[in-house]
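Student: From first to last, the protein sequence lines are chains A and B.
Each residue of the first sequence is one higher than the one before, starting from 2 at the first, in my numbering.
Each residue of the second sequence is one higher than the one before, starting from 2 at the first, in my numbering.
It should be emphasised that the hints constitute simulated quantities derived from the structure, not laboratory data.
Heads up, a few of these hints could be off.
No copy labels: a pair is met if it fits in one copy or bridges any two.
Cross-link-like lysine-lysine pairs, in silico, DSS-like; alpha carbons within 30 Å at most [unchecked claim]:
| no. | residue 1 | residue 2 |
| --- | --- | --- |
| 1 | Lys30 | Lys181 |
| 2 | Lys201 | Lys84 |
| 3 | Lys198 | Lys84 |
| 4 | Lys253 | Lys30 |
| 5 | Lys30 | Lys89 |
2 protein chains.
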Amino acid sequence: MNHQKLILVTNDDGIYAPGLKALVAIARKHGEVVVIAPNTPQSGMGHAITMTQPLRLHKIQAFDGIESYECSGTPVDCVKLAKNVLLKERNIDLCISGINHGSNASINIIYSGTMSAAMEASLENIPSIGFSLLDYSFDADFDASSDWISQIIGHVLHKGIRLSKLLNVNIPRLGRKEIKGIRVCRQAEGNWVEEFKEGKDPRNETYYWLTGQFVCQDDGEDTDLFALSNGYISVVPSGHDLTIHHAIVENKDFENLLP
Amino acid sequence: MNHQKLILVTNDDGIYAPGLKALVAIARKHGEVVVIAPNTPQSGMGHAITMTQPLRLHKIQAFDGIESYECSGTPVDCVKLAKNVLLKERNIDLCISGINHGSNASINIIYSGTMSAAMEASLENIPSIGFSLLDYSFDADFDASSDWISQIIGHVLHKGIRLSKLLNVNIPRLGRKEIKGIRVCRQAEGNWVEEFKEGKDPRNETYYWLTGQFVCQDDGEDTDLFALSNGYISVVPSGHDLTIHHAIVENKDFENLLP
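Throw the hints in and build the complete structure from the sequences for me.
Tutor: Now the structure itself:
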């Protein structure tokens, strides 16, 4: 028998999300799977970590024959606990996060707990992939893309990712035969145009509840949003360097300031 | 009288943090200041947003003569509420976040609520600056750098930031006369080597508490960490595109995968 690959699986929708179940079912074909996921939904947690509170970790029976844990923290906390406590003595070959219920294309990568968990693993030098399906519903159809996801996982396990440790993979909401293929692309420019729904609670106190609409500001044909809207799975090689390198020399005049 | 600039001030250490008070005192010399900050410390919240809960916003008297609000949400929520509710009808000339009690240089930008608040404003096309002092203590000395911070704010208000909307500014923990100047640089490669302190709570249940040590993996002399360790204030022009652009063509073989 070959060396079994060790695959860490996590998400941000919580340990009981159907998207996680679907990802575990795919991952187990590729090696030994260990699952650690938040015990509550953690969408929109970004790269949050828990510093001022203790974390709880419980072994549970969530997936038949798969070592699984639920954690009281954020998605990033889950990855840190996996790397530094649960799997401290072992080499993790791959971390996969998802399948997220909803898009993490374009600027959504910034807000996404799914992608932050994968990014945290990539910071630990573990090849990592975040998977997201463009369907926010709880009972989204994760079957249609399962063979594609399996191919991507296999490719990363055996060929690796070049010049990056992190892939942001988004999947269009299409049937099995409608997905046209894969496009490797860049993160589109876009943002959220927000509104807050203002209301009164039962005690007559004002509250504000976030809502909003995503707006694409990018007409490039090399973006994740373009690929998705044309029926392709988007794969964006991603990193963690937020520097705008070509802006450094353009802003050198700040060095002339004196107090 | 000139057109008064409108400056939004926020932070992640909470409305009562001394770093915020110091930043407000500097900002008010440059225009009309509106403060909105979390009602509890929110360090390490990254780009978290609150989607499943209503947010509360209360006008308070925190700073003499300054319009101020405390918010139940994250730093990013604060900026969204400022842009879409409090200052909906107005043009915000600048958003400043901080002064953070502790470093946000290198990879810390990813975890930082201070920087995420500033980044959120930059996504709304508002020039934004996050300020952090390399001193984690509550009673850190924010006076030593106040004239430098004032210079940077004035420069951004009058000259803008080229090819970027966001500056990550970190300040060494030095006396007024020891700070050598400003360096415009890139985010250093570094990460946190984590440990979890394992313990037992009063009910004899196991907990894990995050701790760790930052490790610089970058010996470049053009980085924020290099500038800081040599007595300079670091200024990193930053953005929100996580794509590793040169990795796109190198990973085109993913496009050959078939289910």
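Student: State for each hint whether it applies.
Tutor: Hints, verified against the model:
Taking the closest pair of Cα atoms, Lys30 and Lys181 come within 30 Å of each other only inside a single copy of the chain (24 Å); across copies the shortest separation is 58 Å, beyond that limit. Taking the shortest Cα distances, Lys201 and Lys84 sit within 30 Å of each other only across copies (21 Å), while inside one copy they are farther apart (44 Å). Proximity of Lys198 and Lys84 under a CA criterion of 30 Å is satisfied inter-copy only: 14 Å between copies versus 40 Å inside one chain copy. In this homomeric assembly, Lys253 and Lys30 come within 30 Å of each other (Cα to Cα) only across copies, at 25 Å, whereas the closest approach inside a single copy is 53 Å.
In the homo-oligomer, the alpha carbons of Lys30 and Lys89 lie at most 30 Å apart inside one protomer (23 Å), although the nearest pairing across protomers, at 52 Å, exceeds that limit.
Hint compliance for this structure: no hint is broken.
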